[in-house]
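Those sequence lines, one after another, are chains A and C. Numbering-wise, this note's numbering puts 4 at position 4 of the first sequence, and it's gapless, one number per residue. Numbering-wise, this note's numbering puts 204 at position 91 of the second sequence, and it's gapless, one number per residue.
Just so you know, the hints here were simulated from the structure itself, not pulled from any lab data. A portion of the hints provided could be inaccurate.
Claimed, not checked - Listed next, the in silico SDA-like pairs over lysine to any residue satisfying Cα-Cα at most 25 Å (straight line):
#1 A:22 - C:152
#2 A:41 - A:56
#3 C:114 - A:10
#4 A:40 - C:152
#5 A:52 - A:96
#6 A:40 - C:166
#7 A:40 - A:112
#8 C:181 - A:42
#9 A:52 - C:208
#10 A:18 - A:111
#11 A:40 - C:167
#12 C:155 - A:10
#13 A:40 - C:173
#14 C:225 - A:55
#15 A:40 - C:199
#16 A:36 - C:139
#17 A:40 - C:126
#18 A:40 - C:168
#19 C:114 - C:155
#20 C:225 - A:101
#21 C:181 - A:38
#22 A:41 - C:192
#23 A:52 - C:126
#24 A:18 - C:176
#25 A:41 - C:160
#26 C:225 - A:18
#27 A:41 - C:124
#28 A:41 - C:122
#29 C:114 - A:111
#30 A:41 - A:70
#31 A:41 - C:167
#32 A:41 - A:101
#33 A:41 - C:135
#34 A:41 - A:72
#35 A:52 - A:39
What the hints assert, rightly or not - Covered stretches of chain A (in silico footprint by chain C; criterion: 3 or more residues with CB under 8 Å from a CB of chain C, positions within the stretch not fixed):
#36 42–53
#37 103–112
We put the CB at the ideal spot given by N, CA and C, even for glycine.
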Amino acid sequence: ETGVTQTPRHLVMGMTNKKSLKCEQHLGHNAMYWYKQSAKKPLELMFVYNFKEQTENNSVPSRFSPECPNSSHLFLHLHTLQPEDSALYLCASSQGPSGYGYTFGSGTRLTVV
Amino acid sequence: KQEVTQIPAALSVPEGENLVLNCSFTDSAIYNLQWFRQDPGKGLTSLLLIQSSQREQTSGRLNASLDKSSGRSTLYIAASQPGDSATYLCAVYRQEYGNKLVFGAGTILRVKS
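So that you can see chain A by itself, here it is in the shape it has in the complex:
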């Protein structure tokens, strides 16, 4: 593992379900991120948290709801998703800005049926 752990690794959910993705880092980083990776598209930044505070919401639909209870944990709560939301969701952390020390988790492969 890279230091950033994501669970579950795979998730299949119906459009009416509610589920949560979890991300955990023990690198002492103070920034955490959610990215969405769809086939043949660049990684899309969804949310940024600095010191537990959300600093960016990249026009993400409200059916995605992030939560950052502390600097080590990040959640993505999902509800009433659409099939086009199926993708690989990646969590990352970094010590701060500048791009140094960016560490990614292995991702959660989400399929919405």
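Once you've looked at the hints, dock chain C against the given chain A.
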């Protein structure tokens, strides 16, 4: 708005060949550029990071160059091996982007034995 483009989208080469992956970006006022590797179903691993003041960085068989004025970077892989098969992504950072990286869509590399 910064846009990052990677060419080619996919590349298949025989083992032992030297190869070059290309990355271009529209806003040349970057702070640094980073190359990542992503194996199927996995997260991203940082390979090389080039500061805007640097021209190149080397790690083993990998060499990354940066021409900031023209908005281009190349990743050179010498004596390619089947284990190099993966998706390679470049990403740029600038403080004005906030605490995040802007990614290209990646180049899928397959090295045939």
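Cross-check of the supplied hints:
no.: 1; hint: A:22 - C:152; verdict: holds, 21 Å
no.: 2; hint: A:41 - A:56; verdict: holds, 21 Å
no.: 3; hint: C:114 - A:10; verdict: violated, 33 Å
no.: 4; hint: A:40 - C:152; verdict: holds, 15 Å
no.: 5; hint: A:52 - A:96; verdict: holds, 12 Å
no.: 6; hint: A:40 - C:166; verdict: violated, 31 Å
no.: 7; hint: A:40 - A:112; verdict: holds, 18 Å
no.: 8; hint: C:181 - A:42; verdict: holds, 21 Å
no.: 9; hint: A:52 - C:208; verdict: holds, 20 Å
no.: 10; hint: A:18 - A:111; verdict: holds, 13 Å
no.: 11; hint: A:40 - C:167; verdict: violated, 30 Å
no.: 12; hint: C:155 - A:10; verdict: holds, 12 Å
no.: 13; hint: A:40 - C:173; verdict: violated, 29 Å
no.: 14; hint: C:225 - A:55; verdict: violated, 44 Å
no.: 15; hint: A:40 - C:199; verdict: holds, 14 Å
no.: 16; hint: A:36 - C:139; verdict: holds, 22 Å
no.: 17; hint: A:40 - C:126; verdict: holds, 20 Å
no.: 18; hint: A:40 - C:168; verdict: violated, 29 Å
no.: 19; hint: C:114 - C:155; verdict: violated, 29 Å
no.: 20; hint: C:225 - A:101; verdict: violated, 32 Å
no.: 21; hint: C:181 - A:38; verdict: violated, 28 Å
no.: 22; hint: A:41 - C:192; verdict: violated, 29 Å
no.: 23; hint: A:52 - C:126; verdict: violated, 45 Å
no.: 24; hint: A:18 - C:176; verdict: violated, 45 Å
no.: 25; hint: A:41 - C:160; verdict: holds, 21 Å
no.: 26; hint: C:225 - A:18; verdict: violated, 43 Å
no.: 27; hint: A:41 - C:124; verdict: holds, 17 Å
no.: 28; hint: A:41 - C:122; verdict: holds, 11 Å
no.: 29; hint: C:114 - A:111; verdict: violated, 31 Å
no.: 30; hint: A:41 - A:70; verdict: violated, 31 Å
no.: 31; hint: A:41 - C:167; verdict: violated, 29 Å
no.: 32; hint: A:41 - A:101; verdict: holds, 24 Å
no.: 33; hint: A:41 - C:135; verdict: holds, 17 Å
no.: 34; hint: A:41 - A:72; verdict: violated, 28 Å
no.: 35; hint: A:52 - A:39; verdict: violated, 30 Å
no.: 36; hint: 42–53; verdict: holds (count 5)
no.: 37; hint: 103–112; verdict: holds (count 6)
Comparing the model with each numbered hint stated earlier shows that hints 3, 6, 11, 13, 14, 18, 19, 20, 21, 22, 23, 24, 26, 29, 30, 31, 34, 35 do not hold.
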